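So the chains spell out like this:
2 protein chains.
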Amino acid sequence: MLARSGVDVKLIGRAPHVTAIARDGLLLDGLRIHERIPISATTSMAEGLRDAAVILFCVKSVSTESAAREIQPFLATDTTILSFQNGVDNADRIHSAILAYPIPTAVYVAAEMTAPGTVTHTGRGDLIIGHHAGWPRRPDLQLLAAMFDQAEIPCRISDGIAADLWSKMVMNCAYNALSALTRAQYGRMVQSEPVRDFGVRVIAETVAVARAEGVPLSEQDMVEAALRLAEKMTRATSSMAQDLARGRPTEIDSLNGYVVRRGKVLGIDTPASEILVAMIQLLEESALNQRSG
Amino acid sequence: MLARSGVDVKLIGRAPHVTAIARDGLLLDGLRIHERIPISATTSMAEGLRDAAVILFCVKSVSTESAAREIQPFLATDTTILSFQNGVDNADRIHSAILAYPIPTAVYVAAEMTAPGTVTHTGRGDLIIGHHAGWPRRPDLQLLAAMFDQAEIPCRISDGIAADLWSKMVMNCAYNALSALTRAQYGRMVQSEPVRDFGVRVIAETVAVARAEGVPLSEQDMVEAALRLAEKMTRATSSMAQDLARGRPTEIDSLNGYVVRRGKVLGIDTPASEILVAMIQLLEESALNQRSG
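Chain order of the listed sequences is A and B.
Note that my numbering has the first sequence beginning at -17, numbered continuously upward.
Note that my numbering has the second sequence beginning at -17, numbered continuously upward.
Wrong hints could be hidden among the right ones.
Now the stretches of chain A that chain B is said to cover, found in silico as 3 or more residues with beta-carbon under 8 Å [what the hints assert, rightly or not]:
{"no.": "1", "segment": "79 to 85"}
{"no.": "2", "segment": "256 to 263"}
Residues of chain B placed beyond 12 Å of chain A at every Cβ, according to the derived structure [unchecked claim]:
{"no.": "3", "residue": "Met(-17)"}
{"no.": "4", "residue": "Ala(-3)"}
{"no.": "5", "residue": "Thr1"}
{"no.": "6", "residue": "Leu31"}
{"no.": "7", "residue": "Val36"}
{"no.": "8", "residue": "Ser48"}
{"no.": "9", "residue": "Leu57"}
{"no.": "10", "residue": "Asp60"}
{"no.": "11", "residue": "Thr164"}
{"no.": "12", "residue": "Glu175"}
{"no.": "13", "residue": "Pro176"}
{"no.": "14", "residue": "Asp203"}
{"no.": "15", "residue": "Arg210"}
{"no.": "16", "residue": "Val247"}
{"no.": "17", "residue": "Leu248"}
{"no.": "18", "residue": "Ala254"}
With the C-beta cut set under 8 Å, the calculated list includes, among others, these residues of chain A facing chain B [what the hints assert, rightly or not]:
{"no.": "19", "residue": "Gln132"}
{"no.": "20", "residue": "Leu163"}
{"no.": "21", "residue": "Thr164"}
{"no.": "22", "residue": "Ala166"}
{"no.": "23", "residue": "Arg170"}
{"no.": "24", "residue": "Met171"}
{"no.": "25", "residue": "Pro176"}
{"no.": "26", "residue": "Val177"}
{"no.": "27", "residue": "Phe180"}
{"no.": "28", "residue": "Arg193"}
Hint data in this document are derived by calculation from the structure and do not stem from the laboratory.
Just so it is clear, the structure is predicted and the values come from calculations on it, not from any experiment.
All residues carry an ideal CB built from backbone N, CA and C; glycine is no exception.
So here's chain A without its partners, still in its complex pose (with noise of 0.2 Å):
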């Protein structure tokens, strides 16, 4: 969306994605778009990184620390990260393993790469951005805004982005794990009332660690904002169910697991959460396994 509005953008990314698309531009198969959009592409930091005034950091929370130490000797003293990552620690994660300052972004998109150079987008597409607590308030976050807006990508600049990313955070809580394990669609999961309720009670778990860290949100509004994600984003599923379709290790330590882990830390029980958790980590190994072996 930003090349097709004039920006100029170099895609790092894996060598089968970055073949496809110098060969035949990144294919858009989107809500209202279906376009081949000429990009440039590569699988190199330096050639990628050269000169780059902003930096969408786009990785797995799994590969947070090991994929900002490899843009660290590419950057310069005011490139500017945005920290495109689900989970509420990321911008942290990253600020120690590099002393940068990233901006915390929450990224509303269903979107998946489904053929080399092909995103297949399925839903939403909008940012939320802010500045981290306590941080320097560098850059100017209107400029920013503006160009994702003119490239047609919503921006809303957020006063209080830690409650945006939890909030994200909770939508994710809720739908990935459960949608990995049931491999159902998002309209359909919330038409079965167990596993809605099942939802409601991660969502309160959720809730109660987030307020206990200091973000105050309302538990009846997360499960409004749930079911309304649910009617707008029907026939999504979630990254978690991508990611174990490939064999690939999910994000369930950034979601649930952090959850988990949080809450033992402030008195909060998480038994739902900490049975998807286990869950999960049983379904990922098997995954693994099964591709493996």
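Starting from the known structure of chain A, arrange chain B on it as the hints suggest.
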């Protein structure tokens, strides 16, 4: 095993298996035995059941009534039917469908058709038979047990087969759905504390329903038996996992689903069983859709 011991056995099954068995015999890839066993096989009920003295009724619980009606035309008055099925009500269901008096049988075995005409046998292989309470006490169970024992299939005669069926039901309820959701082997499942705890909750609910039905199982005995089962069948995965992998309907309705339904009638809460049923139903639907779609 029966055919190996000299019993005249006919298999009735689907065409791919029948063709392979007619050509090469049945390949038994077992724990101690690896043999090709010459054995007659057919897809035809008429041919397979002609002059049958004993029928081993080995169909999934979802097909109990339809299979019973299919065999009905070929039954003699003294044909013995053994229900080799999961669940606790299949003998009753066969009786309701065709007025026969099948012998309820608890089958303990881990086995799978891994290729046309190939059985892979990975655990146990023993039977418990008994007369259904309130039904005619014929045929002579000693003769049946002797036939199995001679074929190296340990067979115990029980005075209270309902308790044996329920004991096996508890094991199935504890393992099958969780193993299907996590695609994990039993040995691995019990190593995960939250999964083990969840299994214990499912056992408690199932035992409570059994007791309300007049079958006085002990929760502690059942938990211990479940842990022993995992030791004995470390590498087993459930038949439910196999069904889902093949895009076939599962037996959830006769297992945890039965517990939930009877629990509702008897006023017993079964929340852990309920969420398992709901998740397996979604997974079943997804698996079927993915096979057909």
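Violated hints - listed by number, lowest first: 1, 11, 12, 13, 18, 19, 28
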